Structure formats: C-alpha cells, structure tokens
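Novice: Given next are the chains, with one letter for each unit.
Number of protein chains: 2
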Amino acid sequence: MSAPGERSMSVWAAIRTKRMVRSFRDEPLPAELLERIVDAGRHAASSKNQQRWDFIAVQDRARLEALSAVGPYAGHIAGAAAAIALITPDPTRPGASTSIMWDLGLAAENMLLAAWELGIGSCPATVYDQSIAREVLGHPAEVWCGYVLSFGFPADPDDLTRPPKAGGRRPLEEVLHRERW
Amino acid sequence: MSAPGERSMSVWAAIRTKRMVRSFRDEPLPAELLERIVDAGRHAASSKNQQRWDFIAVQDRARLEALSAVGPYAGHIAGAAAAIALITPDPTRPGASTSIMWDLGLAAENMLLAAWELGIGSCPATVYDQSIAREVLGHPAEVWCGYVLSFGFPADPDDLTRPPKAGGRRPLEEVLHRERW
Numbered sequence: 001m002s003a004p005g006e007r008s009m010s011v012w013a014a015i016r017t018k019r020m021v022r023s024f025r026d027e028p029l030p031a032e033l034l035e036r037i038v039d040a041g042r043h044a045a046s047s048k049n050q051q052r053w054d055f056i057a058v059q060d061r062a063r064l065e066a067l068s069a070v071g072p073y074a075g076h077i078a079g080a081a082a083a084i085a086l087i088t089p090d091p092t093r094p095g096a097s098t099s100i101m102w103d104l105g106l107a108a109e110n111m112l113l114a115a116w117e118l119g120i121g122s123c124p125a126t127v128y129d130q131s132i133a134r135e136v137l138g139h140p141a142e143v144w145c146g147y148v149l150s151f152g153f154p155a156d157p158d159d160l161t162r163p164p165k166a167g168g169r170r171p172l173e174e175v176l177h178r179e180r181w
Numbered sequence: 001m002s003a004p005g006e007r008s009m010s011v012w013a014a015i016r017t018k019r020m021v022r023s024f025r026d027e028p029l030p031a032e033l034l035e036r037i038v039d040a041g042r043h044a045a046s047s048k049n050q051q052r053w054d055f056i057a058v059q060d061r062a063r064l065e066a067l068s069a070v071g072p073y074a075g076h077i078a079g080a081a082a083a084i085a086l087i088t089p090d091p092t093r094p095g096a097s098t099s100i101m102w103d104l105g106l107a108a109e110n111m112l113l114a115a116w117e118l119g120i121g122s123c124p125a126t127v128y129d130q131s132i133a134r135e136v137l138g139h140p141a142e143v144w145c146g147y148v149l150s151f152g153f154p155a156d157p158d159d160l161t162r163p164p165k166a167g168g169r170r171p172l173e174e175v176l177h178r179e180r181w
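Going line by line, the protein sequences match chains V and C.
Letter by letter, the first sequence follows residues 1 to 181 in the numbering used here.
Letter by letter, the second sequence follows residues 1 to 181 in the numbering used here.
Because the hints were derived from the structure by calculation, they are not lab data.
Do not rely on the hints blindly, as some may be mistaken.
To give an idea of the interface, some chain V residues facing chain C are shown, with a C-beta separation under 7 Å as derived from the structure [unchecked claim]: (1) GLU32; (2) HIS43; (3) GLU117.
Treat the numbers as computed from the prediction; the structure is a model and nothing was measured.
Note that the Cβ used here is the ideal one computed from N, Cα and C, for glycine as well.
Using the sequences and the accompanying hints, generate a full structural model.
Specialist: In structure tokens form, the structure reads like this:
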C-alpha cells in the first residue's frame, strides 16, 4: 500500500518511537505526503460517524508565522513546512458534547502517526486566541479551532531514530488496573 | 520490534483498513497482547505530558456483561474478550479543560491501531450511566469514565481484510481546505 521509495513502519514501531518535533528543515512537504496525512485523519472513526471536523492545510510562510501567534507554545508553527488547523464545532459552548474533542483526538493521532511513518515530525499547538486563528484562517463563526498541528522533516534527522527518554511516561504498572480500580 | 508470529502492519495500511468490530470470537486475548494495547495508549503524547488517564482492563465475563449496561450502544462489551475502561478527570465539570478528552482520544487511537495490527478488533462505547461504570469498576469519586473500549478477535475473520465501504467518510476534497477556509 506504499508508493515506491516511501518509508513504511509497523504501527507498534511508530507508536514506540514517535517523539515530539518542534524544529523543522526548511523544505516543503511533497503535496502527496501532506494529502496522505490529512487523509489519515479523515479515515478515523467518530461518534455516530459524525465527522465533525474540517482541516485547513497551511504552507504559506507568512500565514504560518501569523498562525504561530495563537498561543504561548505555538512558536514551532512559524518554522513548520506545513500546519494543519483542526476545525470543529465549539466544544466550550454550554451543552457541547465531550465527544467533539475525543473524536478529534482520534483523528489527530492518525495524522501524527501517518506523518511519522513517512519520516515527518509533528507537534500539536493549543489555540489560546481564537480571534487570531479566525483572522488567519477565515473559518465561519459557528466553528472553532482548538488545535494546530505543525509538520515537517525534522531539523535533526536523529529525532527519527533516537530512543525514547526514560521516565517520559508513567509506568505500565501504574496506569494499568486489573478488573477493578 | 515484533515477537515471532505476531502480525505486523504499516501505519498507513492499518489506518486504511481498520473497521469497527462489535462481534467477537469467544477466545481470550493473550496477556501480552492485551498489555501491548494498553502500552500503546500509555505511549501517547498528552498536553504538557500530564497523562491524565488510567486504564482498567476487564476480562471477567460477568464484569464485561455488567459493564455493557453503561449505555444504549454498549452491548458489544458483553461479548468482548476484554474491555479497557478509560478513566480521566471529569471533563464535564465546570471549568474542565477540553484537552482532557483530546488527550484521551490520542491515547485511544494508539490502542485501537495497535490492536488492529495484531488482528484484534475493537469498538468504543460511550458511558451514559456513570453510576453503573463506578459500581462495576470501583474508581474513586474524583475521576470519571467516559469511554469503554471493547477488544477481541473478530467473530468474522473477513472483517480484518474486507475493503472499506464506499461513502463511509466525507471525501478528502470536502474536509481539506487550502491555506484558508
């Protein structure tokens, strides 16, 4: 299912080796790889198959720089090869379902893993300032942008193969309960 | 990175072929495969690396049956080989961050894809009745169970290889916007 020359990786290897990448090579992503990433998100299952999501792919440098002002930890967007802004109904409005962000997380992980398989690093940024996102992206008032994902080939290629830091995750014995809490 | 005899699948193939499975073979999951699935969830990135999640793995048949009463679409849990209940801070309390369910979605997709790679089907169930979940699982008052994931070898092995239904997802051209909405 891979085109010739494309990097392929088992699911387990991708999950095990994936790390956050915030620093990217100044090199555009081939169009077909960017589309593959969005397509991976589109394939995710969602509550009652509602697919309450739209994805805005940004590659223009000035727009990426403008988008990096959406939050205090969003600086990595400025140097990304591409960003994908995730648009959903507003999950903070009264009575909004918690499933909006759950579904979006399922779709986003597909994108992050699909990118990693291709040797493309990524980092999610939380949008703190909705008005900046709306000004840059132009989405209508009835939807909302909670996250922007940065993508690009890692500035440090060793990021793709470096072993995970010890202690980065709570141990299995701590998070896993058997039969009851 | 795979043990001998284990099924391995590229990320893209897993994302493309994965389907919902609600009907399972009456055969327990080997302990190491169930642990692999939980471990996949544990590896997910989370907002500020908070890892606000605990996972309760249930394999006892009577407990699975009791758990299948948590919601109107949770019947598949009764016949699953295992269920993993996802425990987080309560995302519905006033002021709770939308990132709780986003993070949980990232972790859950890891589990669902890691299972699929191993030939194990899955289906998420929304918990509508918190009191039933709490009675069966025994988690403390300060945490909450939003979803239970069912896992098992598919009753119909063709589920693992059947091509996706046409029209099941919004087309790429509809969900993907370029540069601006």
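Novice: Please verify that hint: V:GLU32, Cβ, nearest Cβ of chain C, below 7 Å or not.
Specialist: 12 Å, violated
Novice: With 7 Å as the cut and Cβ atoms as the points, is V:HIS43 at the interface with chain C?
Specialist: 5 Å, holds
Novice: Given V:GLU117 as an interface hint, is the shortest Cβ-Cβ distance to chain C below 7 Å?
Specialist: 4 Å, holds
The structure fails hint 1 only (numbered hints given earlier).
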